[in-house]
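Number of protein chains: 2
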Amino acid sequence: MFKAKISITLRQSILDPQGKAIHHALESMEMNDVSEVRIGKFVEMTLNSSTKEQAEQTVEQACKKLLANPVMEDFHFVVTQI
Amino acid sequence: MFKAKISITLRQSILDPQGKAIHHALESMEMNDVSEVRIGKFVEMTLNSSTKEQAEQTVEQACKKLLANPVMEDFHFVVTQI
Chain W
0 MFKAKISITL RQSILDPQGK AIHHALESME MNDVSEVRIG KFVEMTLNSS TKEQAEQTVE
60 QACKKLLANP VMEDFHFVVT QI
Chain U
0 MFKAKISITL RQSILDPQGK AIHHALESME MNDVSEVRIG KFVEMTLNSS TKEQAEQTVE
60 QACKKLLANP VMEDFHFVVT QI
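Read top to bottom, the protein sequences are chains W and U. Quick note: the first sequence uses numbering that gives the first Met the number 0, first residue 0, plus one each step. Quick note: the second sequence uses numbering that gives the first Met the number 0, first residue 0, plus one each step.
Heads up, a few of these hints could be off.
The list makes no distinction among identical chains, and a pair is therefore deemed to hold if it is satisfied within one copy or across any two copies.
As the list claims (entries may be wrong) - With a straight-line cut-off of 27 Å between C-alpha atoms, the simulated DSS-like cross-links for lysine-lysine are:
id, residue 1, residue 2
1, Lys-51, Lys-19
2, Lys-64, Lys-51
3, Lys-40, Lys-63
4, Lys-63, Lys-51
5, Lys-19, Lys-2
6, Lys-51, Lys-2
7, Lys-63, Lys-4
In short, the hints are calculated from the structure, not lab data.
Take the sequences, apply the hints, and build the full model.
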């Protein structure tokens with residue numbers, strides 16, 4: 000069994016109003032050492048692949064074909080055996 | 000400058016219909032080695048705190064007071080110097 004932790008983030012050139020709103024909220028709560036906030040998605044996937052390579056391939060395909068929008072988003076993932 | 004990567008996930012006991020929907024979509028795309036999908040939020044925060052300890056404290060407060068719902072969600076974060 001493998002566990003994949005996938006983070007999907009907006010590309011740096013894309014504006015992130017949700018992140019801006021959270022940044023303003025943190026400032027109004029007097030957390031002034033925050034200089035930028037950006038929001039993304041986090042996906043935890045459990046896989047019963049036979050090898051780590053196969054699990055990584057499935058996760059990569061899932062990200063490319065379904066989870067991430069390749070025009071606006073980047074994705075990173077880590078697969079670990081559990 | 001510090002960068003915090005925060006992942007906010009639903010607790011294991013909470014149902015995740017969005018994750019279930021993605022799981023079904025992956026199955027219909029013939030990715031049959033996926034056995035569970037759970038969706039969370041990912042927050043990237045840039046901080047200009049003076050020490051790593053202070054940055055970690057700010058991130059922890061931000062998660063507890065604003066980003067995560069303590070009844071339904073867990074959060075994990077990693078702070079690195081950039």
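Verification of the hints:
1. With identical chains, the CA atoms of Lys-51 and Lys-19 are at most 27 Å apart between copies only, with a shortest distance of 23 Å across copies and 38 Å within one.
2. When the C-alpha separation of Lys-64 and Lys-51 is checked against a cutoff of 27 Å, the pair qualifies only within one copy, where the shortest distance is 20 Å, while the shortest distance between copies is 38 Å.
3. With identical chains, the CA atoms of Lys-40 and Lys-63 are at most 27 Å apart both within one copy (14 Å) and between copies (19 Å).
4. Taking CA atoms no more than 27 Å apart as the test, Lys-63 paired with Lys-51 passes inside one copy only; the shortest distance there is 18 Å, against 35 Å between copies.
5. For the homomeric pair Lys-19 and Lys-2, the shortest alpha-carbon distance between copies (16 Å) is at most 27 Å, but the shortest distance inside one copy (31 Å) is not.
6. Only within a single protomer do Lys-51 and Lys-2 lie at most 27 Å apart by alpha-carbon distance; the minimum there is 10 Å, versus 29 Å between protomers.
7. With identical chains, the CA atoms of Lys-63 and Lys-4 are at most 27 Å apart both within one copy (15 Å) and between copies (22 Å).
The structure shown violates none of the earlier numbered hints.
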